[in-house]
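Chemist: Residue strings, one per chain:
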Amino acid sequence: MYIIIVGGGRLGYYLTRALLDEGHEVLVIEKDAGYSQTINSEFGSVSLHGDGCEVATLEAAGTGRADIFITVTGDDEDNLVACQLARHKFNVPRTIARVRNPQHEKVFKKLGIDATVSTTNLILEHIKHELPSHPLMHLLDIQEKGLEVVEVTIPPGSTSVGRQVKELPLPVDSILSLIIRKERKPTVPTNSTVIQAQDQIIAVIRPETEEDLRSALMGD
Amino acid sequence: MRVIIMGCGRVGAQLATLLDKDGHQVTVLDNKSYSFRWLPADFKGTALLGHGLDEVSLKKAGIEKADIFIAVTQGDNRNIMACQIAKHIFNVPKVICRIYDPLRRDLYITLGLEALSPTTIFAQMLKEKVVD
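So the protein sequences, as listed, match chains A and B. The first sequence begins at 1 in the numbering used here and counts up by one. The second sequence begins at 1 in the numbering used here and counts up by one.
If we strip away everything but chain A, and leave its shape as in the complex, we get (with noise of 0.2 Å):
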């Protein structure tokens, strides 16, 4: 696939490294001649110095035949600008775009970016995951179908310790996908299974359903 990224901070660096070894062909546009530079030298000639919001490097860069478009500057704004025109004026078919200010997730969503990745978010979520009290933690969206897939560990003492999958009042729509215990394989759990203090539980759930999934695992 020809994938279009525009950023070349340590973000769109790592970024170009591993879709480079996935085999993809991989182009950076990035403003700092420097930058842009670093990334040449390094993997080869795979970055263009420019605007990636000006339409004459979009051209430059073959943008009318990209694949995927990914923004990962450190402004929102100009991240939102450079899908849109890759988008409407280039046909890209999928756009992804960094967003730093969580709010505006729902703006990108609401003005037609494909995907968004909110890294303010992301690091929240796994520093609550450091914390000793954390109840329920985010592990991917699946945006198209209103689904996430969420990870909850379950303390000593919460009310579903000792009881199976089935008398729990799990919420409607949400399934337990997988329970992985110390020292042995994950299993997929089914309705017999009796739950255990420190399982770690993998579920699908629909967003506005965590807290009844929190209540139904750990009690109130």
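Treat the hints with care, as some may be off.
[As the list claims (entries may be wrong)] In silico EDC-like cross-links for lysine to aspartate or glutamate, where the CA-CA straight-line distance does not exceed 16 Å: (1) A:89 - B:106; (2) A:110 - B:55; (3) A:106 - B:55; (4) B:59 - B:42; (5) A:106 - B:54; (6) A:145 - A:173; (7) B:21 - B:42.
Think of the hints as simulated: they come from the structure by calculation, not from any bench.
Given the coordinates of chain A, work out where chain B should sit on it, guided by the hints.
Modeler: Below, chain B without anything else, positioned relative to chain A:
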């Protein structure tokens, strides 16, 4: 009318002054308080320190009840994003966007934004002077 102007540079401040003199209720939003020096001493509107892409600042500026939103900061992309927020999130009835880059302006006009390019307008005016 209730007007919000984002960006208190030369243009923003002058527009605010003119509309204020005409009796409109004007709020000027800028993320640097130093910019408000452009406003005259007898300006009766509101000068609000805040970021035009931030929902909290926009609400403070009264965007939910605004009749017109105008973005005239130095950044084309910032103006574009703020205007799209005003139009599509807050449903402000009239939104006007300054976009220096004529090509970017053309695209956003096709996307339904009311946008002006000072570059094109001023070049045209200069050309007419030359041709005279």
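Chemist: Is residue 106 (chain A) close enough to residue 55 (chain B), meaning Cα to Cα at most 16 Å?
Modeler: 11 Å, holds
Chemist: Under the criterion that the straight-line Cα-Cα distance not exceed 16 Å, is the pair residue 110 (chain A), residue 55 (chain B) satisfied?
Modeler: 15 Å, holds
Chemist: Has the given pair, residue 106 (chain A) with residue 54 (chain B), been kept, meaning a C-alpha gap of at most 16 Å?
Modeler: 13 Å, holds
Chemist: Against the 16 Å threshold, does the CA-CA distance of residue 59 (chain B) and residue 42 (chain B) hold or violate the hint?
Modeler: Not OK: residue 59 (chain B) and residue 42 (chain B) at ~25 Å, beyond 16 Å, violated.
Chemist: Decide if the proposed pair is consistent with the structure: residue 145 (chain A) and residue 173 (chain A), CA atoms, cutoff 16 Å inclusive.
Modeler: 12 Å, holds
Chemist: Holds or violated: residue 89 (chain A) with residue 106 (chain B), Cα cutoff 16 Å?
Modeler: 10 Å, holds
Chemist: For the pair supplied as a hint, residue 21 (chain B) and residue 42 (chain B), is the alpha-carbon distance within the 16 Å limit?
Modeler: With Cα atoms ~10 Å apart, residue 21 (chain B) and residue 42 (chain B) stay inside 16 Å; holds.
Violated hint for the displayed structure: number 4, the only one.
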